[in-house]
Structures are given as C-alpha cells and as structure tokens.
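Student: Quick note on numbering: the numbering used here labels position 167 of the sequence shown as 167, and the sequence is numbered without any gaps.
For the record, the hints were derived by calculation from the structure and aren't laboratory data.
Since the model is a prediction, treat every value here as computed from it, not as a measurement.
Treat the hints with care, as some may be off.
Restricting the straight-line Cα-Cα distance to at most 25 Å, the calculated cross-link-like pairs of lysine to any residue (SDA-like) are [to be verified]:
| no. | residue 1 | residue 2 |
| --- | --- | --- |
| 1 | K153 | S118 |
| 2 | K153 | K10 |
| 3 | K159 | D207 |
Restraint-style ranges between C-beta atoms, simulated for each label pair [said to hold, decoys possible]:
| no. | residue 1 | residue 2 | range |
| --- | --- | --- | --- |
| 4 | D210 | R139 | 15 to 23 Å |
| 5 | L143 | M198 | 29 to 37 Å |
| 6 | T133 | Q166 | 20 to 28 Å |
Yeah, the Cβ is synthetic: ideal placement off N, Cα and C, and Gly gets one too.
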Amino acid sequence: MEKLSIDSDKSSKKLKQKLHSLYTVGVNPRGMSALTNNLIWKRVILTTALYGCETWGQLPYCETEMLEITQRYFVRFILMMDKRSPTDSCISNVDKLLWSKIVKQTLDIYEENKWKHSVERRPELKRYYKIHTCLTEHRLLRLAVTYPSLNSKFMTLVKLGAIAIQTGKCSLCNLYNTDILMHYILCCTSLLQIRTEMFYKIVDILDLEDSVRFFNQDDDEIVESLLGTLTNSQSGDHLCGSELTLMLELVCGGQYFGSASHSKRSSHLFSINDNKMKSPEILKAELKSINIQKRGGVVDECCVRSCTFETLQSYCLHPQSETQNSKEEQKQADRISTTTPAVSTTSSLLMIPETTTSRIRSRQRSRWFFLYALGRNPTRQPHYPY
1 MEKLSIDSDK
11 SSKKLKQKLH
21 SLYTVGVNPR
31 GMSALTNNLI
41 WKRVILTTAL
51 YGCETWGQLP
61 YCETEMLEIT
71 QRYFVRFILM
81 MDKRSPTDSC
91 ISNVDKLLWS
101 KIVKQTLDIY
111 EENKWKHSVE
121 RRPELKRYYK
131 IHTCLTEHRL
141 LRLAVTYPSL
151 NSKFMTLVKL
161 GAIAIQTGKC
171 SLCNLYNTDI
181 LMHYILCCTS
191 LLQIRTEMFY
201 KIVDILDLED
211 SVRFFNQDDD
221 EIVESLLGTL
231 TNSQSGDHLC
241 GSELTLMLEL
251 VCGGQYFGSA
261 SHSKRSSHLF
271 SINDNKMKSP
281 EILKAELKSI
291 NIQKRGGVVD
301 ECCVRSCTFE
311 TLQSYCLHPQ
321 SETQNSKEEQ
331 KQADRISTTT
341 PAVSTTSSLL
351 MIPETTTSRI
361 RSRQRSRWFF
371 LYALGRNPTR
381 QPHYPY
C-alpha cells in the first residue's frame, strides 16, 4: 500500500507539472480549443505520467480519488471553471470514460453507472444531467472545434450548464431566488434588454413549429434548451386534429379558413356542406389528387384557403385511430359551425392568452408564444408579457 501511495502521489504531481509546462505552447484556456487541450492531456500528459500504471495492481478508492482530483484540476484549468464546481459536472465534460480506460486499463459500465448514481442523488445537478447525460465529451466542446471563432461562447455555455441549482440573491436586482441562474436568464429585470435581443434572434432563426414548441416549454426546460440540451424535432409535440386548428386560428392572424365561407377559390371542393353530400370514397380521391401536387405546408393550405379536417390530419406525425378520428371530426364540425371571433391583423404580433394556452396543452403554468402573422412576406416579432 505504501508503494501505491508513492506511485499515485508522484503521478499526480507529474501530471500538474507537465500541464503547466505546456502553457506557453497553447495548452491553456485562451490558447487552443478545449478539445485540442483535452487530446494533448490524454495522449501526451496522461500517457507519460501514468507510464507503468498497469503494474500498480487494483487501486483502492483513495488512490483513484487522488487521480480523479488531478483530472478535475485539469478540467477546471482548461475550462476556466470555478474552484468549487462539482466534480460530477467537471470531469464528465471531457470524456471521463477514456481517462478511466488509461488508469484502469479496462472499460466497463461500472464507471458510468457510478457517475449517474452520484448525479441523480444530487438534486442541484438535475439540470446539468439533462444537458449532459453520459460520460463523453460535451457536444458543445465538439462544436467548438467545428466553429473555432465561437470557442469562448461554447465554453461559457458549458460553464453555465455545469453550475449547480442554488438559492441566492441577485446582485443586479437584489431579489432572492431558489434558482439564481434561471433568474438571470429569464427573470432579472436588469437584463431585460439583453434578454429581449436574445429572444428576437431565437425567433428569427427558428421556424414556426420550433418556435411554438420552444416557447411552450416550462421555464426550466427553456433554460436547459438554451444551455445545450438535446431536443428532438420529431417529438410528440406535433399538434393534431382540433389542437392543430386552434393553433392555426392563432398563427394565421384571423385568416384561418375552417369553412368555405371565407374562400371562393376552393369553396366547391372544401365546403363543409359539399363534404356532407359527397361519399367518403370521392372525398378520399379528391384529397389524394391534391396531395399528388407539391404541398406547401399546412399553413399554405389552410391559411389562404379552406381545408378539411382530413387535410389537417395528414400533417400529424402519428395519425389517430379511426374511432378517435370520428370523434375529432364531430368536434371539428361543432367547432366550425360557430362563428370564429375576429382577430385583428393590423399587427404581426400575436400572443396566445392564458385560457387558450390551457386548451392546447396542459402545462404546470401558462406560457406565452412567439408567433407571427403569415403572408407573402412573413415577418415575426416576439411579444414580451412584462
């Protein structure tokens, strides 16, 4: 045991010495990218400092802990993290599994399970675990290699995502919060102008469906998305049936045509009264002939002319069963038989009220949407309910 302590202690000191000796050649936070520094650390520094570690035998916990502390020192140094940042949210950013392979000479699932168990027991790291779910290199650090000009910005996002959820007092507005990072990003009034510019840029980049999905999230989900969590564009948030028609009424700025009374251009084909007189086979044949043509999307088909419920259903990711369809058709017929309230189109700015939000999707609390009135030259501007 004495020999093991001496070997691991010497290796830890040697690791730090070699790290600082390469500072002038670019192995530092302001030099090469984080992944390049990590590659030098693993292939040059670790391999030389841990040469012959296979003869150490089975390392006890205290010896592994000493080497892990050294690894944490490197990560904090390269990513400019706070000295008190948690180990679980430090080492995992630079692929701890490969480091474990060098130390233990074997790669097994034990190390990752141990890390997951440690993170899951700490509620303050809940947000970090949603952003970075495995012991591989952080995806934002990989993006920094592809876009070297944004290296410092990606590193800032990694550092923010690794911050533990904690209660604190805002130094700008002097308010106490249970999650100080979320407060800075979403709530602090002193950062309103910066936040407004950020959301304007997000709305300009995202398309309509992604914008609605993004701003319909809860506060913690929005923060996680901003800090780099993975989002599935094909998730179950696709609106179908009556939910889709309700959304179109809002998106189209009062120009959504659920019945033929709004449009003479296609009244013969899409009229509700016409549809009642036609057989299902004729309707399907007509709908199929329309689908053969190049479809411009649900907005083009339903905002500028009338469309049937079947057309809306064709845009669903997971079509509902026939029983559910018949119920939805009845609801659709009942809904469009009533007068649709007029919505002002003088402004391209639309906000979904609280009562409408609850009809579309139940959330812990109401969210606002950033939508835009559609036309030949669509524009979109976000609305901030402050």
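Student: With reference to the structure, classify each hint as holding or not holding.
Tutor: Verification of the supplied hints:
{"no.": "1", "hint": "K153 x S118", "result": "violated (28 Å)"}
{"no.": "2", "hint": "K153 x K10", "result": "violated (36 Å)"}
{"no.": "3", "hint": "K159 x D207", "result": "violated (28 Å)"}
{"no.": "4", "hint": "D210 x R139: 15 to 23 Å", "result": "holds (18 Å)"}
{"no.": "5", "hint": "L143 x M198: 29 to 37 Å", "result": "violated (18 Å)"}
{"no.": "6", "hint": "T133 x Q166: 20 to 28 Å", "result": "holds (21 Å)"}
Taken one by one, the earlier hints fail for this structure at numbers 1, 2, 3 and 5, listed in ascending order.
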